[in-house]
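Chemist: Protein chains in written order, with the numbering used here: chain A, 1 to 295; chain B, 1001 to 1417; chain C, 2001 to 2376.
Take these hints with a grain of salt, some might be off.
Claimed, not checked - Pulled a few chain C residues facing chain B out of the computed Cβ check, cut under 8 angstroms:
#	residue
1	2035
2	2185
3	2187
4	2202
5	2234
6	2323
To be verified - With a Cα cut of at most 16 angstroms, we get these calculated EDC-like pairs of lysine to aspartate or glutamate:
#	chain 1	residue 1	chain 2	residue 2
7	B	1114	C	2046
8	B	1307	B	1393
9	B	1117	C	2046
10	B	1408	B	1393
11	B	1141	C	2128
12	B	1042	B	1116
13	B	1307	B	1079
14	B	1179	B	1239
15	B	1042	C	2108
16	B	1042	B	1115
17	B	1408	B	1154
18	B	1207	B	1175
What the hints assert, rightly or not - To give a feel for the contact side, a few chain A residues facing chain B, derived at Cβ under 10 angstroms:
#	residue
19	178
20	213
21	260
Worth flagging that the hints you see were computed from the coordinates, not collected in a lab.
We put the CB at the ideal spot given by N, CA and C, even for glycine.
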Amino acid sequence: MTVVLNQSLTGISIGAVLLLIALGLTLTFGQMGVINMAHGEFIMAGAYTTYVLQKSISSAGLSLLAALPIAFLAAGAMGALLEWLLIRRLYTRPLDTLLVTWGVSLMLQQLARDIFGAPNVQTTAPDLLTGNIALGGGITFANNRLFILGLALLSVLALTLVLKLTPLGRRIRAVVQNRDLAEVSGIATGQVDRITFFIGSGLAGIAGVALTLVGPIGPTTGTNYIVDAFLVVVVGGIGQLKGSVITAFALGILQSVLEYSTTLSVAKVIVLVAIVAFLQWRPQGLYTLRTRSLA
Amino acid sequence: MSGFSISRRGLLAGISAVGTSAALGACGAKTGDTTSTGSGAKADTSGDTVKVGLLNSLSGTMAISEVTVHNALLLAVKEINASGGVLGKKLEPVSQDGASDWPTFAEKAETLIKDDKVVATFGCWTSASRKAVKPVFERYKSLLFYPVQYEGLEQSPYIFYTGATTNQQIVPALDYLKKRGLTKLYLVGSDYVFPRTANKIIKAYAKANGMHVVGEDYAPLGSTEFGTIVNKVKDAGADAVFNTLNGDSNVAFFKEYKSAGLTAKSLPVLSVSIAEEEVKSIGTQYLDGQLTAWNYYETTPGAANTKFVAAYQAAYGKGKPTSDPMEAAYISLYLWKAMVEKAGSFDVTKVKAASDGIELDAPEGKVTVDGATQHVYKTARIGKVGSDGLITEVWNSGKPVKPDPYLKGYSWASQLS
Amino acid sequence: MTTTTTPAPAAVTPPPPSLPKRLRAPAALALGAVLLLGLAPAVLSDFRLNLLAKYLCYAIVAVGVSLAWGRGGLMVLGQGVFFGLGGYAMAMHLKLTDAAATGETLPDFMQLYGTGETLPWWWKPFADPAFALAMTVLLPMTLAALLGFFVFRRRVKGAYFAILSQALAAALSIWLIGQQATTGGTNGLTDIHGFFGYSLDDPVNQRMVYLIIATVLLLLMTGARRLFTSRYGELLVAVRDSEERVRFLGYDPANVKLVAYVLAAGTAGLAGALFVPAVGIISPALIGIVPSIGFVIGAAVGGRASLVGAVLGAIAVAWTQSTLSDAFPAAWTYLQGLLFVVAVGFLPGGLASLGAVLRRRRTATATTAPTTGERP
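Could you put the whole structure together from the sequences, leaning on the hints where they help?
Modeler: Below is the structure:
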C-alpha cells in the first residue's frame, strides 16, 4: 500500500513537470496549431535565466522567485520575436513550421553552448526546497516536487482565468474558433497571435525555472522534454487545457507505476507504444474541440 | 509514349548490366582470406614533423567530457614538442571531431589514417565510439590510444588502453565495500554498454563473495526522472548504491536522492563515472561524503601530479579541475613517446613490440605497460568527495594492479564470457 | 492565360532549353550513370569513394522522402525507424555469417554481453541470406503498413502523424538500447567483416559495395520517376493539394497515401541495409528523433518534390557536414539550423526551384509560390 501511494505521489510529481512543460504548448500548438520545436529551447532559456540570476543574486530563494517573472518575460520575448520573424509567414504550412523551428532550435542550442559552455551548469536550490515532507507511514513528498506541483496548478489556474475572463482571452478564443470572422469583427488577429505566442513561450520559461530544481541545466535541457510535451498535448486533445492536465498526470502515474515493477527504459517504451496505440484508436485525443472545419 | 518507355527500359537494363558487371568484375578477397589486404595506409614520417591524430567529440552531447580530454592531449603534445619532440621530430596534432556520433567516429578515424597519415591516434570516450573505430584501426594496422576506464572484455592488437579495465576499478571498489561490510548493493546505471557489463561483473562477484544485489535499474541516457528509482532504492534495504550513471543523469539522481532524505551516512553511493569535472557540475552539496572509484584524483600526491595540475591550469584557466580520463589521456602520449623511442622507429609493429615494460612516473603514480594485453598497470584508488568539491583518497590498492581485461585471474568470473 | 491558370508545380526541374522534353529523363539518367558508375570510381580514392557510398545511402532515403513528402505531402519524420530496421536486418545476417566463418555459433557481442548460450529465436531466421535480404525491405514496409493503415483511415492530421512518428522513433531506439544482450545496446552492431562471402576489409570489395549502392540508387530513381508520372503519381499530388476534393471524386485518399508511405519506408529500409556494408555499423544513434529529422533535411534543401533535387540535396548536405564539421564544429550546427530555416521557410521548393523562383521574381507576373506542404 505504501508502495502504491508513494508511486502515485512520484507519478503526480512527474505529471506536474509534464504539465508545466506542456502548458505553453496547449496555447501555441493547441490553440494556434503551430508545431514549435524551439519550445524546448524556451524552456532552456528559462533554466539559464535562473542560473544567471543566481550568479548575480547570491540568495538561492530570492533568485528563484525573481527568475519566475524574468524567465517568463525573456522566453516570451524570444517567442514573440520568433513568431514575428518566421512563424507568421508559415501559418498555412504547419508541418513546415516544424522543420523551420527545428532549425531555430539547433541554432539556439549552439548559441547556449557558445555563451554558457558545453558542460551543464547547476543552481543551488533554496534550503526550504531540498528536504521532504513526511506524510506518515513511510510516505514522503519532496519539497521541490511540491513547489513544482503548486507552480503547475497555479499556472493552469492563471491561464484559465486569462482565457475565460479577460478581454484578451476573449479575443484569443475568437481567433482560434474562427479567424476570418474575428478579423471581420475588428480584432487585430496578427497582434493576438503574437500575444498568444508570447504567453505560450513565457510559460515555457517558467517550466525552465522549475526544471532547475530537478535536473541539470544544459544546451540540450529542452530537447530532452520536447517530444513528451507534444505527446501530452496530442493525447489530451488539441486545444483542450482540461485534456492536457488529465493526460499529464495520467501519463506520470502510468510511467511511475510501470517503472516500479519493470525498469525506467521498459516503462518509457511501454508508455510511448501505449500512446501510439491510443492515438490509433482515438486520433482526436481525449477531448475534442468541435469545429466546422473539414480537415 | 510506348517508344518512350521502351527506350527507358533499355537504359534501365544497361545500367543494371554496367553496375552488376562492374561489381562482379571487382571481386576481391573472400571472407577468411588471410592475405594482408587494406594495409595501404602508411604513416608519413618523412618530414621534420609527424602528425598525431586527436579524435574526440568536440560537438554534441559527449563534448562536455571529451573536450577536457582533448585539452589534456594538446597539453601533452605541447610539452613533448617543447622538450624536443619524438625521435627529433616535432608532433603536429590533427584534431577531428567525432561529433558524439559513432559512424562519424569511424569516418574520422579513416580520415586521420588515410588522409592525414598520422603515426598514431589518441582519443574516443564512449565504448560505442571505440567499437565503431576498432575495425578501422585493425583494417589499416594503425594505433589508437584509448584513455577512458571501460568495461573490459576487449583486446584489440591495434589499441592501447591507458584507462582502467574492470579489475583496476570495479573489482577493487567491490573489495572496498566488502571490507567495510556493505554487502547489500543496489545497482543504478545509465542504459548503455559500460553499466550493463559492469553490473554483470558485479553480480558475479557478489555471488561468489557473499554479497547481495538487491536491485538493478537503468535509466536512458539524458534521463532526469529518478523519483521511482530512488523510491525503489529506499524500499530495497540496501547498504550501498553502486552508481554507473553517466554525467548528465547524475545531477537529477543526486538531487532526488537528497530530497528523499538519503545521505552519504545513511546510504552511501559509490560512483565510477563521477570525476572532479562532474562533481563541479552536480554540486558539492549533493555529493558531500559520497564515494568514487578511479585511479587518479586531482589531489593525488606526487611531484608529477603537482606539475601536471599546474601546467593544465596555466594553459586552461585557474581552478579548472583535472580528472582521471584527462590524466590517462595525458600519459597516453608520453607512453607512446617512450615506446617509439625504445623502438627507435614510428613503425607500428616495432612500437608494439617495444611496448612491454615501458614505465612512467605518471601523475597517478607509477604506471607500467603490459605488452601482452596492451593495457597499463594502475593503482586503484577509492575517494571521498569533500565539501570543497575535491576528491580525497580514502583507500588504495597499495601497488599497481596488473590489468586483466577478461578477468581470467578471477575464478568467479569464469562464467562471464 | 491571365486569370485562370494555376502556376505550374514549381518543384519540377526546369528543362535544359535545348533538349526535347521526352528525352530529358533518359538523358539525365544516363548522365547520372556515367557520373556515378564511371567517373566517380575512376577518379576517387578508396576512402572518398566509401564516403560517397555513405552519402548515396542517404540519397536513397531521400528518394522515398521525395515520394511521400514531396509528392504526397506526408511529413515522414520516422524514416530513422525504417532505416534502422533495414540496417539491423542486414547487420544481423552479416554478424551471423561472420561468426560462422570463425566457427562460432554466436556473434561476438552476444558472447560478451549476453548469456553466452543460445541464439535468440528471432535471430535464427536471419542466418538465411534470402530471408534477411527480404526482411530489410519487408520489415519496414509491414510496420509502415500497420501504422499507416489506421492513421490514414482515421484521417489523422499531419501534425499528429509527425509527432506519432517521433514517439515511435524514440520508443524503438530506447528498446534497442535496453536489449544489449541481443541487440548490442548503444554500441549497435559493429565490427562487420564479411558481405555475402566477400571480405569487406579488401578495398576492391568496398568498391563493389559502392557500385551496388550506386546502381540501386539509379534504379530506384528510375522507378520513382515512372511512378511520379503515372496515374498514381497524379493522384498522389492531388491528395496532397486537396484531399477533400479527391475524396469527393470517389477515390480513397487513405489508400493513396498508404502506398506512398509504405514505399518510402521500404526505400529507407533498403538504404539502411546498404549502409551497413558501406559504413560497417548500425546503431540506435541512427534511429532516434534527431536522425529521423535529419533524413528529411537533404530533401528539403534540394527540393522535396523534385527527385533529382532531393537526391542531390541529400548528398550535398552530407558532404558539407563531413567537410565543415572538422574545421568548424560550431559553425556547422549554425549552418544546419539555417539550412532548415531558409530552405523550408523561404524556399519550399528547395534549390531545385531557385531558378523558377528567380525567374518569376524578375518578370513579377506570377502569383504566390505554390505550397508543397499541407494546408490546414
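Chemist: If a hint holds in the structure, say so; if it does not, say that too.
Modeler: Hints and how they fare:
1. 2035: violated, 12 angstroms
2. 2185: holds, 5 angstroms
3. 2187: Constraint on residue 2187 of chain C satisfied, holds at 5 angstroms.
4. 2202: Holds: closest Cβ of chain B sits about 4 angstroms from residue 2202 of chain C, inside 8 angstroms.
5. 2234: Check failed: Cβ of residue 2234 of chain C comes no nearer than 15 angstroms to chain B, outside 8 angstroms.
6. 2323: violated, 10 angstroms
7. B:1114 with C:2046: With a Cα-Cα distance of about 10 angstroms, the restraint between residue 1114 of chain B and residue 2046 of chain C holds, given a limit of 16 angstroms.
8. B:1307 with B:1393: violated, 19 angstroms
9. B:1117 with C:2046: holds, 15 angstroms
10. B:1408 with B:1393: violated, 28 angstroms
11. B:1141 with C:2128: violated, 32 angstroms
12. B:1042 with B:1116: holds, 10 angstroms
13. B:1307 with B:1079: holds, 12 angstroms
14. B:1179 with B:1239: OK: residue 1179 of chain B and residue 1239 of chain B at ~13 angstroms, within 16 angstroms.
15. B:1042 with C:2108: Judged against 16 angstroms, a Cα distance of about 29 angstroms means the pair is violated.
16. B:1042 with B:1115: Roughly 10 angstroms separates the two Cα atoms, so the pair holds.
17. B:1408 with B:1154: Roughly 12 angstroms between the alpha carbons, so the hint for residue 1408 of chain B and residue 1154 of chain B holds.
18. B:1207 with B:1175: Holds - the C-alpha atoms of residue 1175 of chain B and residue 1207 of chain B are around 13 angstroms apart, at most 16 angstroms.
19. 178: Not OK, violated: residue 178 of chain A not within 10 angstroms of chain B, min 40 angstroms.
20. 213: Hint on residue 213 of chain A: holds, closest Cβ of chain B at ~7 angstroms, below 10 angstroms.
21. 260: Constraint on residue 260 of chain A satisfied, holds at 6 angstroms.
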